[in-house]
Amino acid sequence: MSQKKSFQGLILTLQEFWAAQGCVILQPYDMEVGAGTFHPATTLRALGPKPWKAAYVQPSRRPKDGRYGENPNRLQHYYQFQVILKPNPPNLQELYLASLAAIGVDQTLHDIRFVEDDWESPTLGAWGLGWECWCDGMEVSQFTYFQQVAGFECAPVAGELTYGLERLAMYVQGVENIYDLDFNGAAGADRVTYGDVFLQAEQEYSRHNFEAADTAMLFRQFTDAEAACRSYLDAGAPAAEGERHRMAQPAYDQCIKASHVFNLLDARGVISVTERQSYILRVRDLAKACGAAWLRTAAGGA
Amino acid sequence: MPDLLLELRSEEIPARMQRRAAEDLKKRVTDALVERGFLYEGAKAFSTPRRLALHVAGLPARGEAVPEERRGPRVGAPEAAIQGFLKGAGLARLEDAQTITDPKKGEFYLAVIERPGRATLDVLAELLPEIIKTFPWPKSMRWGAASAELGALRWVRPLQSIVATFGPETETPEVVPFTVGGIPAGTVTYGHRFLAPEPIEVRRFDDYIQALERAKVILDPDRRKDVILHDARDLAFARGLDLVEDEGLLDEVAGLVEWPVVLLGSFDEAFLDIPAEAIRATIRANQKCFVLRKGGSEDLAPAFILVSNLVASDGGQAITAGNERVVRARLSDAKFFWETDKAIRLEDRLPKLDSIVFHEQLGTQGQRIARIAALAQELAPLVGADPALAERAARLAKADLVTEMVGEFPELQGLMGRKYAALQGQPESVCAAIEEHYKPVGPSDRVPTDPVAIAVALADKLDTLSGFWSIDEKPTGSKDPFALRRAALGIVRLLVEQRLNIPLMSVLLAEMSAFEFKKIAKFESSITKEILSLTRQSLERFDLENFDIKDINTIMKRRNVSKNFLSAAKDSSADVFEELWAKGVEFAVPKAGDLLGFFADRLKVYLRDQGARHDLIDAVFALPGQDDLLMVVRRVEALGKFLDTEDGKNLLAGYKRAANILRIEEKKDGRAYDAAPDAALAAAGKPAERALAEALAKARETASASVAREDFAGAMQALSTLRAPVDAFFQDVTVNALDPKLRANRLLLLNALRAATREVAEFSKIEG
Chain E
1 MSQKKSFQGL
11 ILTLQEFWAA
21 QGCVILQPYD
31 MEVGAGTFHP
41 ATTLRALGPK
51 PWKAAYVQPS
61 RRPKDGRYGE
71 NPNRLQHYYQ
81 FQVILKPNPP
91 NLQELYLASL
101 AAIGVDQTLH
111 DIRFVEDDWE
121 SPTLGAWGLG
131 WECWCDGMEV
141 SQFTYFQQVA
151 GFECAPVAGE
161 LTYGLERLAM
171 YVQGVENIYD
181 LDFNGAAGAD
191 RVTYGDVFLQ
201 AEQEYSRHNF
211 EAADTAMLFR
221 QFTDAEAACR
231 SYLDAGAPAA
241 EGERHRMAQP
251 AYDQCIKASH
261 VFNLLDARGV
271 ISVTERQSYI
281 LRVRDLAKAC
291 GAAWLRTAAG
301 GA
Chain Y
1 MPDLLLELRS
11 EEIPARMQRR
21 AAEDLKKRVT
31 DALVERGFLY
41 EGAKAFSTPR
51 RLALHVAGLP
61 ARGEAVPEER
71 RGPRVGAPEA
81 AIQGFLKGAG
91 LARLEDAQTI
101 TDPKKGEFYL
111 AVIERPGRAT
121 LDVLAELLPE
131 IIKTFPWPKS
141 MRWGAASAEL
151 GALRWVRPLQ
161 SIVATFGPET
171 ETPEVVPFTV
181 GGIPAGTVTY
191 GHRFLAPEPI
201 EVRRFDDYIQ
211 ALERAKVILD
221 PDRRKDVILH
231 DARDLAFARG
241 LDLVEDEGLL
251 DEVAGLVEWP
261 VVLLGSFDEA
271 FLDIPAEAIR
281 ATIRANQKCF
291 VLRKGGSEDL
301 APAFILVSNL
311 VASDGGQAIT
321 AGNERVVRAR
331 LSDAKFFWET
341 DKAIRLEDRL
351 PKLDSIVFHE
361 QLGTQGQRIA
371 RIAALAQELA
381 PLVGADPALA
391 ERAARLAKAD
401 LVTEMVGEFP
411 ELQGLMGRKY
421 AALQGQPESV
431 CAAIEEHYKP
441 VGPSDRVPTD
451 PVAIAVALAD
461 KLDTLSGFWS
471 IDEKPTGSKD
481 PFALRRAALG
491 IVRLLVEQRL
501 NIPLMSVLLA
511 EMSAFEFKKI
521 AKFESSITKE
531 ILSLTRQSLE
541 RFDLENFDIK
551 DINTIMKRRN
561 VSKNFLSAAK
571 DSSADVFEEL
581 WAKGVEFAVP
591 KAGDLLGFFA
601 DRLKVYLRDQ
611 GARHDLIDAV
621 FALPGQDDLL
631 MVVRRVEALG
641 KFLDTEDGKN
651 LLAGYKRAAN
661 ILRIEEKKDG
671 RAYDAAPDAA
681 LAAAGKPAER
691 ALAEALAKAR
701 ETASASVARE
711 DFAGAMQALS
721 TLRAPVDAFF
731 QDVTVNALDP
741 KLRANRLLLL
751 NALRAATREV
761 AEFSKIEG
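Line by line, the protein sequences give chains E and Y. With the working numbering, letter number 28 in the first sequence gets 28, and the count goes up by one each step, no holes. With the working numbering, letter number 464 in the second sequence gets 464, and the count goes up by one each step, no holes.
Hints are supplied without guarantee of correctness; some may be wrong.
[What the hints assert, rightly or not] Here are some of the chain Y residues that sit facing chain E, going by a computed Cβ distance under 8 Å:
no., residue
1, GLU12
2, TRP143
3, ALA329
Simulated from the structure, these hints should not be mistaken for lab results. A virtual CB, placed ideally from N, CA and C, is assigned to each residue, including glycine.
All chains should be modelled from the sequences, with the hints used to inform the complete structure.
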């Protein structure tokens with residue numbers, strides 16, 4: 001296998017491609033999140049008038065999707081490659097197709113389609129219109145024009161691309177099982193598969209997510225994070241009209257934490273259907289308050 | 001005459017919105033033209049995933065000239081006034097103006113100015129941007145740098161280019177000069193995204209559609225559908241397979257490609273263990289592919305048809321292989337769901353339904369199932385079903401909602417339940433009821449025939465309707481989020497088409513009293529069922545034949561439902577309970593009456609669709625106590641037949657005459673003639689008068705007895721005997737006799753005729 005088609009080769013190619021488009025190449029956010037969208041480089045930077053271009057890999061955790069390493073298609077921890085461009089350039093679709101070509105998807109051989117898929121994140125109070133991008137019937141990316149984030153209209157609109165890296169790699173490598181993915185493209189003893197890196201983790205975390213996660217602690221953490229978010233927002237609040245907010249980002253970290261803790265509680269099955277909605281609303285309220293604070297910071301355009 | 005070509009090219013438009021958008025574009029543009037006096041010969045709109053296009057043929061080059069009259073000053077007015085008038089009207093000399101004579105004010109100047117019609121091009125340049133800016137997409141968005149500004153252009157996805165040309169066939173058309181959202185209208189478009197990426201210069205519709213075709217875009221969605229359907233059939237046929245046709249999917253797929261290329265893929269035969277419906281659902285919903293049947297058989301073949309948007313350089317091998325891989329993964333999931341689901345018995349799934357909220361105010365799915373089961377058991381004897389089986393079927397009917405398969409494919413609800421129930425050895429009628437209790441869905445769906453299925457189907461829908469009516473969630477205008485009209489139509493069709501006699505009022509009242517009671521008392525769900533059954537027992541005992549809402553109220557209050565309940569529930573607070581229960585019934589009565597009215601409306605719509613006369617339905621519904629829908633239908637049928645006969649027509653004429661005379665005389669006298677006529681007085685009068693009195697007494701008695709036996713034809717027959725005596729009466733007898741006693745009694749006789757006809761219908765509602 002060529003280096004380029006390996007899992008890490010794919011990431012390197014995408015980084016290079018988007019760096020050439022003027023994106024800052026960031027590293028993953030250092031917190032547990034459910035998707036690349038939660039990274040402040042997307043959620044917060046999508047708000048306000050300032051232009052912004054960034055690309056990064058984000059490890060994403062979906063505790064409920066764990067399958068103890070037994071399902072060839074589902075993981076509780078996987079990688080997303082995230083691109084955000086604000087405002088979206090007029091040729092974003094062409095750029096996306098060029099990025100696929102860069103990772104080796106031959107557009108004279110493969111059927112690439114943009115199929116309606118409107119995106120909505122109830123916890124982030126965000127929605128946008130766009131598509132799932134299909135390659136020969138397989139969804140390989142999500143393409144969204146953000147219309148609203150944290151309850152605020154996006155002005156200007158940002159374009160967001162999310163590549164499902166494992167899916168894309170399975171496609172490029174022609175592999176049927178995630179764990180068989182070639183991770184590093186090396187030969188012989190140096191060859192490392194996705195399973196070598198992550199199989200044990202999937203087994204352990206599935207056990208943790210479904211069986212062991214300490215729910216009493218998690219409930220406490222949720223309340224703590226919620227309270228901390230509010231108190232940081234209060235502490236950083238502008239003293240007077242026209243002044244800036246001084247602690248939007250630390251507050252938003254607590255919102256992220258609350259969201260992840262909620263996902264863990266949900267996976268443990270200790271949140272009833274009716275309670276579920278109210279937890280989602282509580283996280284959304286935090287996200288909205290953080291968005292409002294961000295809009296009163298320098299980076300938010302205040 | 002000149003044509004308009006308009007193309008709005010955007011990023012991919014959702015398939016489900018394309019057709020409607022093309023129609024909206026056509027309508028808005030042509031309406032706007034017609035409104036401004038520009039008539040056209042023809043218009044056609046088209047759509048692909050990346051464009052809406054409109055061709056309006058045969059427009060005038062400019063609008064018609066409009067003469068405008070402008071009145072000037074008096075003849076002989078000061079020079080300054082005359083000069084002002086000439087200048088304002090654009091006339092060179094006073095001789096160009098006409099003079100008119102006003103009888104009061106003398107002679108005036110009048111300028112008749114020909115306003116030339118506006119150039120169509122200018123009008124288009126004015127109206128097209130407006131139409132684009134206010135286009136009615138179901139969902140629209142902003143994009144790009146412009147979206148920073150308020151009022152930025154919205155479109156379904158980013159709008160990329162506009163072609164707008166106008167001109168006659170023989171000349172180079174002109175570009176309609178406008179810019180919207182920063183996009184100037186022009187003559188350049190693009191073909192297929194991958195197969196022909198170069199720009200195309202277009203002039204008018206004819207060369208546009210051909211240029212697109214050369215650039216691998218079939219503009220007409222119906223042509224794309226034809227290509228897909230024919231190629232799919234051919235490919236299937238070549239392998240000895242049959243295409244499972246699917247109009248909805250075909251429409252969608254035609255909206256996902258500009259240049260359809262149909263390919264055939266296959267999957268492992270072992271997946272055919274999965275129920276065919278589930279295979280189809282996953283392949284259809286997730287992959288937008290068609291399934292195939294083995295030639296001449298009902299069994300699915302391990303193959304599928306996919307529609308790609310690319311003429312691939314390898315003939316489609318990579319595309320087919322890629323799709324096969326995804327289908328394989330999807331079917332593995334489906335197989336996993338099927339195997340997992342089979343391992344759990346349906347009844348073991350019920351506790352989970354207790355934690356799922358059906359509706360905030362109507363409780364959990366579990367509570368709902370308990371209500372439906374109790375009601376199905378009650379209704380069973382009325383529809384010829386075994387009550388125990390109906391109860392069991394109702395308990396299990398919703399259990400598949402928590403299976404993996406239905407979670408993934410909600411459209412398989414009922415069907416999967418049936419499969420699991422059959423595997424678990426449930427009797428056939430229980431299995432059928434689990435699948436069919438949602439039916440009929442809409443006016444053309446099949447109506448269940450198995451009595452157990454009928455009982456559960458009725459109970460499910462009655463519970464839904466009573467519940468939502470109790471919390472005042474009724475359909476309004478076009479809004480019917482809980483599909484209550486469909487549920488009511490379902491009940492109408494079940495009762496009428498399966499010929500079932502069920503007096504709805506008692507069922508609704510029992511059901512809704514329990515809802516009201518629960519609302520007031522906030523009692524636990526555990527006792528609801530007992531309340532329900534006790535309410536129904538109490539209701540069974542009173543006569544609903546001639547019910548009156550107020551009577552029911554009193555009867556319900558008088559009945560000791562509460563005491564019965566209390567002895568069963570061994571509760572001590574008897575008085576409180578009785579008070580609450582009485583209140584519940586009181587609140588339920590008007591709501592049940594309202595819901596019955598809703599059924600009447602649905603029945604009217606249903607019968608009208610079947611061709612029944614609107615006025616006859618009204619005539620029957622105007623009678624009190626019409627809560628047995630089948631009976632209503634039979635009355636309408638019998639009435640229709642009767643009125644088609646000579647006797648019927650004549651009697652109706654006689655009735656109208658009698659009613660007219662009564663109306664006039666009652667108004668004149670300021671009193672109603674609604675007592676029984678004096679038989680002795682009638683007997684002493686003219687022979688025709690005596691004959692009518694006797695005939696009326698007899699006919700009314702017979703008609704009434706026939707109605708009681710539900711023999712409506714017999715009742716009509718009895719009325720038909722009145723024709724001759726009524727005719728003779730009107731011929732021989734003067735109603736307005738000089739003797740006031742005689743006159744009054746004759747009016748009472750006419751009233752008796754009115755009363756006799758009321759045995760079968762309210763004749764005053766009948767037209768003709």
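Chain E contact restraint for ALA329 of chain Y - C-beta distance below 8 Å: Hint holds; ALA329 of chain Y Cβ to chain E Cβ min 6 Å, cut 8 Å.
Is the interface hint satisfied for GLU12 of chain Y? The criterion is a beta-carbon contact with chain E at less than 8 Å. Result: holds, 4 Å to nearest chain E Cβ.
Grab the minimum C-beta distance from TRP143 of chain Y to chain E and call the hint holds if it beats 8 Å, violated otherwise. Holds. Min distance 5 Å.
Hint compliance for this structure: no hint is broken.
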